[in-house]
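**Student:** This is what each chain is made of:
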Amino acid sequence: MASTHALASGMGGMRTAGDLVARMQMTRGMRLPQAKQYVAEKLGCSVLDLSDTVAMHDIRRDLGLGRIPVQDLTYAEHPGAMEAKFHIADVLGIPINSVQRFRQHAGLA
Amino acid sequence: MAQRIPTRLGDGSLVELTRAEIEADLHAGSEAAAKRAKVEPLAQDEIEHLLDIFTSAAKFSSVDYGDEVVLSYDGAGNADLAAPVLEQVVYQNHHGADMIELWHHDYSYKAVRTVLSFQTQMLKDAQMQTVVPLNYGAMPDLGRYSQPDGPAPNWSELMPLGKIAEAREAQLEAVEHLEKDMWCVVEAMVAAGVDGLDFDTAGASGDADLLATLRVARRVRDTWPDIGVEIGQAAELVLGMHGELEYDGVRLAGQWPLGQLRACTAAGATIFGPAVNVNTTKSLAWNTARTCALVKPVTAEATIPVHVNAGMGVGGVPMTPYPPADATSRASRALVDICKIDGL
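Line order of the protein sequences matches chains A and B.
Read in the numbering used here, the first sequence has 9 at position 9, and its numbers run on one by one without any break.
Read in the numbering used here, the second sequence has 231 at position 231, and its numbers run on one by one without any break.
No lab work stands behind these hints, which were simulated from the structure alone.
Do not take every clue at face value.
To be verified - Label pairs and their in silico Cβ distance ranges:
(1) A:Asp90 - B:Ala43: 29 to 37 Å
(2) A:Asp90 - B:Glu16: 49 to 57 Å
(3) B:Asp11 - A:His78: 31 to 39 Å
(4) A:His78 - B:Phe60: 30 to 38 Å
(5) B:Gly249 - A:Gly64: 44 to 52 Å
(6) B:Phe60 - A:Asp58: 27 to 35 Å
(7) A:Gly64 - B:Asp80: 30 to 38 Å
(8) A:Asp58 - B:Ala83: 46 to 54 Å
(9) B:Cys184 - A:Asp90: 15 to 23 Å
(10) A:Gln37 - B:His94: 25 to 33 Å
(11) B:Asp80 - A:Leu48: 29 to 37 Å
(12) A:Gln71 - B:Asn279: 38 to 46 Å
Just so it is clear, CB atoms sit at the ideal spot from N, CA and C, and this is done for glycine as well.
The whole structure should be built from the sequences, with the hints applied where relevant.
**Tutor:** This is how it looks when you write it as C-alpha cells:
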C-alpha cells in the first residue's frame, strides 16, 4: 500500500524534493502549492523539477542535500544523512531540530 | 448486455459492476455524505471524472505530472524487519516516503512513556541515518486511563447506569493523566531531535480524547514554534462520549472533518489528517465519492496542509491487510484530483 500511494500520487521523497516540501508543510504549515513554490525558489528550479528524479538527482548533488545510494552508485564522498540536513536547513532557511541538537552536542554552536 | 467492469467492495473483494451501476454508486456515496454531514454533493464534472477513474480497464491509476503530493506515512515501517530504525530507512529509500514516523508497537502515549528512554535513543539513532523529516507518533488513546487498565472510573460502565455526571467527571480525570503522559513524551522527543509529533487517531475515545490532544498541540506550538504537529483523526465524526466539551469556544462532539480542521488549526497543528471510514459492503466508487464529498470542503477552507488518512479502511482504501494496488491507486488519485489535498 505504501508503494502504491508513492507511485500513484507521491512526490518521491528523497529521490526528488518531496522531503523538502514536506519540511515546509510540517514546520511552517504551508499548503502544497505554496510549499512547492517556496522550495523551487530556494533550489533555483521549476516546480515541475521538484517531482523529477533526474532533475533532482543533480540539484541535490550540487547543493549537498543527500541522495540515496543505488546499486553501484554510492556517494561516500558526498554528505551523509546528518550532513545533508545541515545543508537543507541552510538552503530552506529553516531550523532543523536534529541539526541544532547535533551542533550543540558536537560543540559547533 | 452491458459490459461488466472489475472493481472492488470496501472489504477489498473483487466484484464486477456495469458503468451505470458505478455511476449510480458515485452519486449515492456523494449524496450519503451530503445528507449526513450537511456538505455539498460532488458536482457533475467531478462525478464524471471519478467515473473515468473507476471504469478504466487499467490496473493502476495515477495523478498527472505536477500534481504529486506529500506522503507523510504515519506508522512508517511494517515491523517485519524487527529493526525500527532500519524500517525508517527502508521507507525513505524504497517507498519514496516524504516524511517518516518512528513509533512503538504499543501505539499509545501511555505505553510509550514506560519505555521512553529506549524510544528517544532510537529516535536519535534514526535521525543520524535519515534525511527526510521524522515524526514521532502514537495514539492519545484516552480509554487506557479508565479502570481496570487505568486510574479513572470507567465512563463506559457509568453511562449505562445513568451516572452521566460521574462519567463526565471520570473523562476529565483521564484527560489530565493523558495530557501529562503526552507532554512527557513530547518533551523527551524534542530533546532527542524529533522534527515533529504525530498525534494519531485523535478522538478515538471521543471528544475528551480530542480535547486533550488539542491542548497538548497548543502547548507544543507555543513552546517550540518550529516543531511540526500533525493531528490525524480517528474517524469522520467526533463521538460525544462527554458531550459538552469545547475547544476555542466550539463544542467538539459531533464535529465532521471541517469542524475538526477548524479545531486543529486553532490548536496550532501544522498538518491536519481527516479520516473517513470505509463501508465494507459498499463499492469503492461509493466509498471514494463519499470521502471526496466530506474532504472537499476541508481543503477548500484549510490554511494548513491536509493529509487525508488513506490506509486500510479509511479514505476509500479497502479494509484488508493488503489493499490491492488497483483500488489504492484509484483512491489516491481521486483524493488528489477532486479534493486538491496537500498530502496523504
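**Student:** The structure should be examined with respect to each hint, and the outcome stated for every one.
**Tutor:** Taking the hints in turn, this is what the structure says about them:
no., hint, in the structure
1, A:Asp90 - B:Ala43: 29 to 37 Å, "violated (45 Å)"
2, A:Asp90 - B:Glu16: 49 to 57 Å, "holds (55 Å)"
3, B:Asp11 - A:His78: 31 to 39 Å, "violated (47 Å)"
4, A:His78 - B:Phe60: 30 to 38 Å, "holds (34 Å)"
5, B:Gly249 - A:Gly64: 44 to 52 Å, "holds (48 Å)"
6, B:Phe60 - A:Asp58: 27 to 35 Å, "holds (29 Å)"
7, A:Gly64 - B:Asp80: 30 to 38 Å, "holds (33 Å)"
8, A:Asp58 - B:Ala83: 46 to 54 Å, "violated (32 Å)"
9, B:Cys184 - A:Asp90: 15 to 23 Å, "violated (33 Å)"
10, A:Gln37 - B:His94: 25 to 33 Å, "holds (29 Å)"
11, B:Asp80 - A:Leu48: 29 to 37 Å, "holds (36 Å)"
12, A:Gln71 - B:Asn279: 38 to 46 Å, "holds (44 Å)"
Against the hints set out earlier in the document, violations occur for numbers 1, 3, 8, 9.
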